[in-house]
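*Asks:* So the protein sequences, as listed, match chains Y and F. Position in the first sequence counted from 1, then plus 201, gives you our numbering. Position in the second sequence counted from 1, then plus 5, gives you our numbering.
Don't read these hints as lab results, they were simulated from the structure. Keep in mind it's a predicted model, so treat the numbers as computed, not measured. Every residue, glycine too, gets a C-beta built ideally from N, C-alpha and C. Some hints could be false.
As the list claims (entries may be wrong) - Computed footprint of chain Y on chain F; a stretch qualifies when at least three of its residues, placed anywhere within it, have a C-beta under 8 Å from a C-beta of chain Y:
#1 58-72
#2 82-93
What the hints assert, rightly or not - To give an idea of the chain Y side of the interface with chain F (calculated C-beta under 7 Å), a few residues:
#3 R243
#4 H244
#5 I340
#6 R418
#7 Q424
#8 P425
#9 R428
#10 L436
The primary structure of each chain is shown beneath.
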Amino acid sequence: MIRIAAVGDVHLGEDAHGRLRPALERLPQHADVLLLAGDLTRHGTEEEARVVAAEFRDLGVPVLAVLGNHDYHCDEVSALTQILTDAGIQVLEGDGVVLPVGGLRLGVAGVKGFGGGFAGKCGSNFGEPEMKAFVGHTIEIADKLRSALDSLSCDTRVALMHYAPVPQTLHGEPPEIYPFLGAYQLGEAVDATGTDLALHGHAHMGSERGVTPGGVRVRNVAQPVIRSAFTVYGLEAGTGED
Amino acid sequence: MPGPDDTEAPQYRAARLRRALAEDTRTAELGVQVTVRGEHVYLSGSVPSRQRKEELDHVLHEKEPGTRVHNDVRVVEAGEPGEPEVIE
Numbered sequence: 202m203i204r205i206a207a208v209g210d211v212h213l214g215e216d217a218h219g220r221l222r223p224a225l226e227r228l229p230q231h232a233d234v235l236l237l238a239g240d241l242t243r244h245g246t247e248e249e250a251r252v253v254a255a256e257f258r259d260l261g262v263p264v265l266a267v268l269g270n271h272d273y274h275c276d277e278v279s280a281l282t283q284i285l286t287d288a289g290i291q292v293l294e295g296d297g298v299v300l301p302v303g304g305l306r307l308g309v310a311g312v313k314g315f316g317g318g319f320a321g322k323c324g325s326n327f328g329e330p331e332m333k334a335f336v337g338h339t340i341e342i343a344d345k346l347r348s349a350l351d352s353l354s355c356d357t358r359v360a361l362m363h364y365a366p367v368p369q370t371l372h373g374e375p376p377e378i379y380p381f382l383g384a385y386q387l388g389e390a391v392d393a394t395g396t397d398l399a400l401h402g403h404a405h406m407g408s409e410r411g412v413t414p415g416g417v418r419v420r421n422v423a424q425p426v427i428r429s430a431f432t433v434y435g436l437e438a439g440t441g442e443d
Numbered sequence: 006m007p008g009p010d011d012t013e014a015p016q017y018r019a020a021r022l023r024r025a026l027a028e029d030t031r032t033a034e035l036g037v038q039v040t041v042r043g044e045h046v047y048l049s050g051s052v053p054s055r056q057r058k059e060e061l062d063h064v065l066h067e068k069e070p071g072t073r074v075h076n077d078v079r080v081v082e083a084g085e086p087g088e089p090e091v092i093e
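With the hints as constraints, model all of the structure from the sequences given.
*Replies:* If you want it as C-alpha cells, here you go:
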C-alpha cells in the first residue's frame, strides 16, 4: 500500500515559522510522500516562500507541490518555484514525476487548475475577450493536466491540483461561488487517464470526500477541511496501467 | 473606501466588508464570510492562526470604527492526523 500525505491552503505568512513543523517531524512514520495542494503562502512573496521552504524541507519523504491562487498574487511565481525547488520541494505545473514506493511506481501529475464551473453551470469560451481568456485558461490547464497524467508510466496515478475537479467536495461553500472554485474540465482530465486519486484544496468550507463522474475518488485536503497539519490516504495498488 | 451610512443596504455593506478582508494585504482572507445584522457584523470561516484572526478585527475597525464585530472565525488545527483513510 502506498501512503500519501497531503495538505493544501496552509497560507504561511512571514510570521509562520514552525507552525506545522512539529506535526511534520514524524511524517515518515505516517507516509511515503507528501503532496502540497497549493496556497502555500498568503501573498506569494519570496519571503513567505522561504518560510514554506523551511517548513517542508528535509522531512525524510519526497515533497511535491502545486501552487495556488494566493501564490500567484505578487507575480513572483518563478522566484517562488526556485526557492521551493532549492529546498528539495518539486513544484509541478503541467508535468509529473514517478516515485518508487515499496516496489511500486507512484505517478503524480499536477497543475494549479482554475475556475469556470461545473457541467451545465459553467462559463463558455465565448463573448468578451476577458471571458474567453478566463475559460481559455481553464481549458489550457486541463489539457496540460491530461497530458501530464497520460505521460506517467506507473502503477498508481494521482492528480494534484489546487482548484476542484468536482462540485461534491465544495459542499459547504456558497453554491454561487462554485465557478470560482473549480472546473469540470479538470475532472474530465482525471477520468480520461486511469487516475486513481485526485487531490485538491482551495475550498476552505468545502467537504473532504467526493468522486468524479468516472468513479475516481476526489479529496479536498484544504487544511481547514482536514483540520490537521496533513492527512494520509492509503492507496492499494492502482489500476493505472502504463 | 466609505464607511457605513444609513442609506447603504446591509447586503452591499456585507459585500464591501468582505472585499476589504480579501483585498487588504494585512488580511488577504478570501474565505471569511461577513453577515450584517443592523449595527452588528458577524464573521465566520477559518484562518491559519490567532494573529490572523485578530487582524480581521483590526482591519474592520479601521474601516468602520463604530461597528460591533463578532469574530466567530475558527483557527485551523495544525496537529498530527488520526488514522489514514484506505482507498481500495
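*Asks:* Now tell me, hint by hint, if it's right for this structure.
*Replies:* Now for the hints, and whether the structure bears them out:
no. : hint  : result
1   : 58-72 : violated (count 0)
2   : 82-93 : holds (count 11)
3   : R243  : holds (5 Å)
4   : H244  : holds (6 Å)
5   : I340  : violated (24 Å)
6   : R418  : holds (5 Å)
7   : Q424  : holds (5 Å)
8   : P425  : holds (4 Å)
9   : R428  : holds (5 Å)
10  : L436  : holds (5 Å)
The structure fails hints 1 and 5 (numbered hints given earlier, in ascending order).
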